[in-house]
Structure formats: C-alpha cells, structure tokens
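When you get a sec, could you build the whole thing from the sequences and use the hints?
Residue numbers (our numbering), protein chains in the order written: chain A, 1 to 743; chain B, 1 to 112.
These are computed hints drawn from the structure, not numbers from a lab. Heads up, the beta-carbon is just placed ideally off N, CA and C, and yes, glycines get one too. One or more hints might be untrue.
[Claimed, not checked] Residues from chain A shown here face chain B by an in silico Cβ test under 7 Å; the list is partial:
#, residue
1, Val72
2, Gly686
3, Ser687
4, Val688
5, His689
6, Ala692
7, Leu693
8, Ala696
[What the hints assert, rightly or not] With a cut-off of at most 25 Å between alpha-carbon atoms, the simulated SDA-like pairs for lysine to any residue come out as follows:
#, chain 1, residue 1, chain 2, residue 2
9, A, Lys658, A, Gly669
10, A, Lys368, A, Ala305
11, A, Lys605, A, Pro281
12, B, Lys100, A, Gly686
13, A, Lys368, A, Val688
14, A, Lys368, A, Leu149
15, B, Lys100, A, Ala692
16, B, Lys100, B, Leu89
17, A, Lys161, A, Phe172
18, A, Lys448, A, Thr585
19, A, Lys650, A, Arg640
20, A, Lys369, A, Glu460
21, A, Lys286, A, Pro213
22, B, Lys97, A, Gly686
23, A, Lys375, A, Val454
24, A, Lys650, A, Gly669
25, B, Lys97, A, Val688
26, A, Lys368, A, Pro594
27, B, Lys100, A, Tyr691
28, B, Lys100, A, Ser687
29, B, Lys97, B, Leu110
30, A, Lys169, B, Val82
31, B, Lys100, A, Val688
32, B, Lys100, B, Ala85
33, B, Lys97, B, Asn36
34, B, Lys97, A, Ser687
35, B, Lys100, A, Arg580
36, A, Lys204, A, Pro281
Here's the letter readout for the chains.
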Amino acid sequence: MLEFFAQTAYVIPALPVVAFAVVICFGDRAPGRGAGLPIAAMTVSTMWAFGVLGYCLTGGEPLSYGFEWANVGRSFFFTITVDAAAATMLAMVSIVALLVMIYSTGYMHDDPLYARFFAFLALFSSSMLGLVLSSNLILLFMCWELVGLMSYLLIGFWFHKPEAARACKKAFLTTRLGDVGFNIAIIALFVATRSLDLREIFTKVTAGEVAPPMLFLISLGLFAGAVGKSAQFPLHVWLPDAMEGPTPVSALIHAATMVAAGVWLIYRMQPVIQATAGMGPYDAMKWIAIIGGFTALFAATIAIAQDDIKRVLAYSTISQLGYMMLGLGVGAFFAGFFHLLTHAFFKALLFLGSGSVIIGCHHEQDMKKMGGLAKVMPITFVTFTIGTLALMGVGVPGWYGFSGFHSKEMILAHAWLESPVLAWMGLAGAFLTPFYMTRLICLTFLGKTRDPHVAEHAHETPANMTVPLVILAVFALGAGWFAQPFEAWLEEGYAFQHETDPAEVRREPKQTPMAAGVATLGGGEAPVGEGADAWMVPVAPLPPKVHSHEAHHAAEMAVGWIATGCVLAGVLLGLLLWGRGPDRTAAMVKRSRPLGLARTVLANKYYIDELYLFLAKLAIEFMGMVARFDLHVLDRVFVRGWAWLVLQIKTVVGWFDKQFIDRILVHAGPFAIYVLGGVLQMAQTGSVHFYALVTAMGALVLIASALFVEGILNIILALVVMVALAGVVGASLFRRQRKAVRP
Amino acid sequence: MSLNDIFPETVPTGYYLVFAALLFCIGLFGLVSRRNAIGMLLSIELMMNAVNVNLAAFSRSGLEVGQIQGQLLVVFTVTVAVAEAAVGLAIIVAMFKLRKTVNADELNLLRG
Numbered sequence: 001m002l003e004f005f006a007q008t009a010y011v012i013p014a015l016p017v018v019a020f021a022v023v024i025c026f027g028d029r030a031p032g033r034g035a036g037l038p039i040a041a042m043t044v045s046t047m048w049a050f051g052v053l054g055y056c057l058t059g060g061e062p063l064s065y066g067f068e069w070a071n072v073g074r075s076f077f078f079t080i081t082v083d084a085a086a087a088t089m090l091a092m093v094s095i096v097a098l099l100v101m102i103y104s105t106g107y108m109h110d111d112p113l114y115a116r117f118f119a120f121l122a123l124f125s126s127s128m129l130g131l132v133l134s135s136n137l138i139l140l141f142m143c144w145e146l147v148g149l150m151s152y153l154l155i156g157f158w159f160h161k162p163e164a165a166r167a168c169k170k171a172f173l174t175t176r177l178g179d180v181g182f183n184i185a186i187i188a189l190f191v192a193t194r195s196l197d198l199r200e201i202f203t204k205v206t207a208g209e210v211a212p213p214m215l216f217l218i219s220l221g222l223f224a225g226a227v228g229k230s231a232q233f234p235l236h237v238w239l240p241d242a243m244e245g246p247t248p249v250s251a252l253i254h255a256a257t258m259v260a261a262g263v264w265l266i267y268r269m270q271p272v273i274q275a276t277a278g279m280g281p282y283d284a285m286k287w288i289a290i291i292g293g294f295t296a297l298f299a300a301t302i303a304i305a306q307d308d309i310k311r312v313l314a315y316s317t318i319s320q321l322g323y324m325m326l327g328l329g330v331g332a333f334f335a336g337f338f339h340l341l342t343h344a345f346f347k348a349l350l351f352l353g354s355g356s357v358i359i360g361c362h363h364e365q366d367m368k369k370m371g372g373l374a375k376v377m378p379i380t381f382v383t384f385t386i387g388t389l390a391l392m393g394v395g396v397p398g399w400y401g402f403s404g405f406h407s408k409e410m411i412l413a414h415a416w417l418e419s420p421v422l423a424w425m426g427l428a429g430a431f432l433t434p435f436y437m438t439r440l441i442c443l444t445f446l447g448k449t450r451d452p453h454v455a456e457h458a459h460e461t462p463a464n465m466t467v468p469l470v471i472l473a474v475f476a477l478g479a480g481w482f483a484q485p486f487e488a489w490l491e492e493g494y495a496f497q498h499e500t501d502p503a504e505v506r507r508e509p510k511q512t513p514m515a516a517g518v519a520t521l522g523g524g525e526a527p528v529g530e531g532a533d534a535w536m537v538p539v540a541p542l543p544p545k546v547h548s549h550e551a552h553h554a555a556e557m558a559v560g561w562i563a564t565g566c567v568l569a570g571v572l573l574g575l576l577l578w579g580r581g582p583d584r585t586a587a588m589v590k591r592s593r594p595l596g597l598a599r600t601v602l603a604n605k606y607y608i609d610e611l612y613l614f615l616a617k618l619a620i621e622f623m624g625m626v627a628r629f630d631l632h633v634l635d636r637v638f639v640r641g642w643a644w645l646v647l648q649i650k651t652v653v654g655w656f657d658k659q660f661i662d663r664i665l666v667h668a669g670p671f672a673i674y675v676l677g678g679v680l681q682m683a684q685t686g687s688v689h690f691y692a693l694v695t696a697m698g699a700l701v702l703i704a705s706a707l708f709v710e711g712i713l714n715i716i717l718a719l720v721v722m723v724a725l726a727g728v729v730g731a732s733l734f735r736r737q738r739k740a741v742r743p
Numbered sequence: 001m002s003l004n005d006i007f008p009e010t011v012p013t014g015y016y017l018v019f020a021a022l023l024f025c026i027g028l029f030g031l032v033s034r035r036n037a038i039g040m041l042l043s044i045e046l047m048m049n050a051v052n053v054n055l056a057a058f059s060r061s062g063l064e065v066g067q068i069q070g071q072l073l074v075v076f077t078v079t080v081a082v083a084e085a086a087v088g089l090a091i092i093v094a095m096f097k098l099r100k101t102v103n104a105d106e107l108n109l110l111r112g
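This is the structure:
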C-alpha cells in the first residue's frame, strides 16, 4: 500500500501545478476565490508525501524511476529518486507550504490579487518539491530556476510598490549570479563524467575517475549556486530586501523553499563535495565551511541593529543558513541537513508569528512603535516565544533542548573537531542570536506600548492564522528529540550507496589514456596534483574522516555547555539592555561615540549594498571611458583617416565613372526599368493584406503548377502568374482607391 | 512508467500533416482578414507553428531512431519566432506612436 505512494511520488509536485494552471486561467471564479484548489492540491500532496515518508520509515528500498526526455545521440532522462532524505524534505516542504497557504487565507484576505497569490504559492511549492525529488541535474536545474522565478514573482507580488519591484529584481539578479557558477559546475560535471545522472556521477567520482582540480571547480560552482540561493556572504544582499513581499511568502522562502534549495543541493551532491576533502589546495569543503561560519557570525551582527521586525528575522535566517553551510563544510552533512529541517519549522513559525503581529498592528513593521503586545496577542506571543527559544538553541546538553539546540550543537561539535576557529565563529553567533532575539521580544511583546496609534487597534488574529502557528510550535518544541534515530535511518535509506568502498580505492593515479598521454609527453611519470597536467590526472578521493565516538561525544558535551553559556549570556545581556524598553539603551548609544558608530555601521549592513552599487557604477564609468576612447581616439584616427583616404580615391574613380560608365552603361538600364516600374506601380497598393493574399495565391499556383510542369519551368510559370495576378488585382484596387480619394 | 506506456500507439504522420495544414490555413485566413496589425502578427505566429508541427512530425517519422534535426529546427524556429515577434511588436508600437493607429488598412505608406 505504502509502496504505491513511493512509486507515484511524481504526483506530489504535479498536483499543485494542475491547481496553478486552473487558478491562473479562472482567477477569482475558481473555487474559494481561487484559494480552494491550491489548498486542496497541497493537502493531497502533503498526505501523499507522508505516504512516501511512511514507505521509507517502514524500511522501503530507495526507488528511482523516470523517462527519456531527449535523445541527441545520447539519451537524457528525467529521473526522480525517492529515498529517506528526499521523503523527509517532501514531508517538510509540503506541510510548511500547506500551513503557509492556510495562513494566507487570513493574511491576504483583502488583497485584490488573492487568486493569483495562491496560484503562485502552489507553483512555488511544487517546483521545490520537484527539486527535492529530482535525481538528475537537468530536471534539478529546471526546478531550481523555477524556484528562482517564482520567488521573483512572489517577492514582487505587490509590484505597485517601487521597493517591492526593486527587491524582486535584486533577488533574481543576485541569485542568477550564483547560478552562473551552478551552470559551469553542471557543464564541468558533464565533461568530466559524461553523465548528468546523480547515481552515475557519484559512482564515477567515488571511484576516483575525476581529477581533483576538476572536482574543485565543480564543487565551487555548485557552492556558488548554493551561495546565491541560500544567501551566503557575498550574495546575501537579496534576502533582507525580499521582505518587501507578503509575509507568508517570506515564511515560505525562509523555511521551506527558496533558501533550502541551496543547502539541499550541497547535501544532495555530498559525494562530489566530499571527494575534495583533504586534497590540499583543491579542498572545496574548507571554503564552504569558512564562508558558512563567517556568514553565521556576520549576519548575526547586522541583526542587532535592525528595527524592522521582518528584517531581524531575515538576518537571523542568513545566519542560520551559515550554520548549515558550516556543518556541510566540516563534513557533518547530517547535522547541516537536520538544522535545515528544524530551522524550517521554527523559522516558518517566527515569520508567520511576525505576520500575525504585523496584521495585528495594521501593517506596522517598525519594532520601535510596538511593545506590550503580549497581553493583546497571547497565542502569537506564546508560539513566537517557542520559536525564538528554538532559534536561540536553548537546551541542556544531554537532557532536553528545543529543536534548534540539537542541530546547532551537532554542527558546532563537528566544527570543533575540525577547527576551533570555525567553532568559535559559530559560538560567537550562538551568543549573538539570543542577544538580538531577546531585543526583538522585548521591543515587540514586552514593556509598555509606545505608539498609542498602533496599540489602539492591536488585536489577536483569527483562527486560520493562529492554528498554523500552534502546529508549527509543536514541531519547534519536539523535533530535536528525533536526531539520533533520524540519522541512522537516513543513512540506511540513502539512495546513492557507494558501489565501491572509498577506503578500498587505490590512492595512486588511474592511468586513463589521457593521463598516460600526458605522462609520456612530459617524459616521465605524471605528477599528481601539480603543474598544468593536474587537470587530467584523476586521484581517488580520501575516505571520509571518522572521529572516534568518544572524541565526538566529548566535543558535543563541551561545545554544548559552552553554547548554553553563550545563550544564557546573550539573553541576560539582551534583557539588561532592552528589558525596560529601548529608550535607555538608545540614550546610551547616543552618548558613546564608538557604540554610536557601531550602530550606524550595523544598521547600514556594513554598507555592502552601497559597495556593490559603487562597484556597479565604477564598471559603468569604465565602460563610459572605453566608449569615449572609441569615440575620440579610434574614430578620429582610423575611421576618419580611412574616410579621408577613400575621398581621395573617390575623386579619381568618380571622374572615370561619370565620363565612361554612366554615359554608356547606366543610363540605358534605368530607362527600361522606368517603363516597367510604371506598370508594376499599379501592384504597389500598400495594403499588407493584398500582399499576403498575392503571396498565398502564388504559393498555391506554384504547388498546382508543380503537378503539371517539371523543374525550373514551374517556378517561372508561378512567378509570371503571380506578377500578372498582382498587376490585375492591384490595378483595380489602385484605381478604386484613387477614385475614393478624389471623388 | 515511460512516455510510451502513456501513449502506446504512434499517431500516423498524416494526421499531423492534416492538422498542420488546417492550422496554416487558419493562420492564413487570419492574416488576410484581420485589419489589426497585432492580430496579423498573431496569425503569422500560427502559420509558423503549423510549419513547426510539420517539422516535428517528419522528424518523428524519420528513418532512423534518434534523428532529431527536425526537432532541433523547431527549437530554432521558435527562438527566431520570439525574436520576430519582439521586432514586430516594437515596430507596431513605434507605428502606433507615430500614426496613432494599428489598422493595417491605414498604414499604406508604401503605396506606389
């Protein structure tokens, strides 16, 4: 029974697509003002996804199937793979999407484009579901781009707001920058392995058939794609601006769909990334870990100084994504993936909670104007606090923790074993996260109301908005408990088991024909990983590093306690500074120069947007310089110089032309043409329809005459008939029109 | 499940050709009868796609399996059609700005 769901897993992304198509066509006339079908489709998809999850949980074998998409000498397939990780993601994405949709019936209630919003949400979720299922880089890339497109449309959903229009363009272009890297990686993968199927790629990579520099390029390309989609450091700028979209979209982007895609890609391409580990200068893992750790810390610092409630959450998402990348980079693939799941639930909760706050305060997003909302919005407050505790990673090592605690602790423990510097970056982030989240809670929910206008109308939101909050809060409370069995189960249900045990592969270079040729050219043994030949010489990847269980446990406990200390310190400091409202702290910042300076820098996000703008302007400036050089130097010297030369030649040739050619040869022709032109002028009616008719008739005559006359003759015949036809019809038309003009 | 399971029988090529011919004629009729320049452009697209159907059909009934020149040509034609539509619409917009009409009957500047 459960097998049926797994064998028809393609239904999960297909249903929302159908809903999208119907709702886009019928708009508000579709059931439930357009919301009915997407929600129904998503409900069935969610149940289906849970069926697939059940199949994998009951020990079902991973399944792969697909069909041939194109045959260009070699076949390209659309294949999907159902395994434990994919099933988990399916369940997570579909349920978050469903809850967001239900929530949206409340949030978007008065929007004139209600139906379109739900159609977009459906396609957005479905493309993410497809991305999770696909085990083939073509299909994966298509879904990847579809996710990007839908986020563009949804971020710019209120396109009449100039900020929203700008934000969606920014998101699209920034992620596209990363996608260039992804594209390069796909092409390089195809060149290196002659395949785009994940299973084949992984088999070849783990068997050591790809040279380390090539793998390095591929891994960095994949990571570049992930950096764009998952908003890592140099390309993080789009995510905070994406807050211009409706809040449910923010929740979906931050939790289940858009930013999860990058982490999922790296997780899915694990064997390829893993193969670069320990390859000296070609170690891509190191870069992933460094970028991830840096982003985790960097984004957390910016979050401190933001006043918009959604922007604080946006930077916290970037920071948490940094943790995931850090985990993936230090080899803790499971931990990174688990953090993606737990984060999805509590971040969806936080965003929907903030949406509830925003609706409750009549679309006010500035935290400075809120305060004291805990009393009027009790459900939102309690669920939001649970989400916050999960995000902070509150817990006692070895006993209990909110969901975020377990995953973050695992990542940090791995990072600790790998490099203490990375672990301290993460721990510093673990201190800053509670710090800014405490500030958010204090400013929004606690204390006294500051803006009477906002407070006056503040109210709890209706049930269709609070119920999703409660459901998500349950996940945020409990998901962390399942870490251990979940890890074992994921490993067991992994679809791409290595055909060859990496530990058994020889560490010597394989003598492929290409490598052998290079070796003989070089006059000796091919050097491994050095010089220009390194691109050609494949080296078997190292087996993944395995730390002893004891070392790992010790690290987990140590890091867990340090992290708990950091969280406590962060919360206490936050309470100290903002527990009694923002005024005293604001005054303190105003008094002290360094603090004021720090706040200005942080509030302006380290001026990175300005830097990018400056760089773009510089590039345009440079192009302007090139253009001026072209205009003033190249044009003057070459173009005009050449023109001058030609003028001189012209004088000579012109004389010859006038005296001989014109008189004898030229003047005879025009006369004949003048006469003919007089006739043909009749056909020149200027009416496009007439021309089209004549062309069609001519084609008809051509075909008809082909039945009777062979060869070139029929073309001539057709031309003659056509000209005659044109002449006759045209002449009559022409005359009629003339008459009409001059009665 | 593969595509062939869903569509087990191959549709005879003749069907495609008749369909394409009908489509072409509809397009032609539209081209000759529509007075609106945008409508005419749409009709041209219709005719072009009729040709595409032919190409794809012939490619499908080709002698060798995996012969996809026809299909590739379709992709190429579609790309060209997009460019053509862009240029055509731009011309129409420019024309509208200039003459305040897109009625092809009134646009007979080229009359001899």
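Hint check:
{"no.": "1", "hint": "Val72", "result": "holds, 6 Å"}
{"no.": "2", "hint": "Gly686", "result": "holds, 3 Å"}
{"no.": "3", "hint": "Ser687", "result": "holds, 6 Å"}
{"no.": "4", "hint": "Val688", "result": "holds, 5 Å"}
{"no.": "5", "hint": "His689", "result": "holds, 5 Å"}
{"no.": "6", "hint": "Ala692", "result": "holds, 5 Å"}
{"no.": "7", "hint": "Leu693", "result": "holds, 5 Å"}
{"no.": "8", "hint": "Ala696", "result": "holds, 6 Å"}
{"no.": "9", "hint": "A:Lys658 x A:Gly669", "result": "holds, 15 Å"}
{"no.": "10", "hint": "A:Lys368 x A:Ala305", "result": "holds, 12 Å"}
{"no.": "11", "hint": "A:Lys605 x A:Pro281", "result": "violated, 32 Å"}
{"no.": "12", "hint": "B:Lys100 x A:Gly686", "result": "holds, 18 Å"}
{"no.": "13", "hint": "A:Lys368 x A:Val688", "result": "violated, 65 Å"}
{"no.": "14", "hint": "A:Lys368 x A:Leu149", "result": "violated, 34 Å"}
{"no.": "15", "hint": "B:Lys100 x A:Ala692", "result": "holds, 23 Å"}
{"no.": "16", "hint": "B:Lys100 x B:Leu89", "result": "holds, 15 Å"}
{"no.": "17", "hint": "A:Lys161 x A:Phe172", "result": "holds, 17 Å"}
{"no.": "18", "hint": "A:Lys448 x A:Thr585", "result": "holds, 16 Å"}
{"no.": "19", "hint": "A:Lys650 x A:Arg640", "result": "holds, 15 Å"}
{"no.": "20", "hint": "A:Lys369 x A:Glu460", "result": "holds, 17 Å"}
{"no.": "21", "hint": "A:Lys286 x A:Pro213", "result": "holds, 14 Å"}
{"no.": "22", "hint": "B:Lys97 x A:Gly686", "result": "holds, 20 Å"}
{"no.": "23", "hint": "A:Lys375 x A:Val454", "result": "holds, 14 Å"}
{"no.": "24", "hint": "A:Lys650 x A:Gly669", "result": "holds, 23 Å"}
{"no.": "25", "hint": "B:Lys97 x A:Val688", "result": "holds, 19 Å"}
{"no.": "26", "hint": "A:Lys368 x A:Pro594", "result": "holds, 22 Å"}
{"no.": "27", "hint": "B:Lys100 x A:Tyr691", "result": "holds, 23 Å"}
{"no.": "28", "hint": "B:Lys100 x A:Ser687", "result": "holds, 18 Å"}
{"no.": "29", "hint": "B:Lys97 x B:Leu110", "result": "holds, 18 Å"}
{"no.": "30", "hint": "A:Lys169 x B:Val82", "result": "holds, 23 Å"}
{"no.": "31", "hint": "B:Lys100 x A:Val688", "result": "holds, 18 Å"}
{"no.": "32", "hint": "B:Lys100 x B:Ala85", "result": "holds, 20 Å"}
{"no.": "33", "hint": "B:Lys97 x B:Asn36", "result": "holds, 15 Å"}
{"no.": "34", "hint": "B:Lys97 x A:Ser687", "result": "holds, 20 Å"}
{"no.": "35", "hint": "B:Lys100 x A:Arg580", "result": "violated, 66 Å"}
{"no.": "36", "hint": "A:Lys204 x A:Pro281", "result": "holds, 22 Å"}
The structure fails to meet hints 11, 13, 14 and 35 from the earlier list, while all remaining hints are met.
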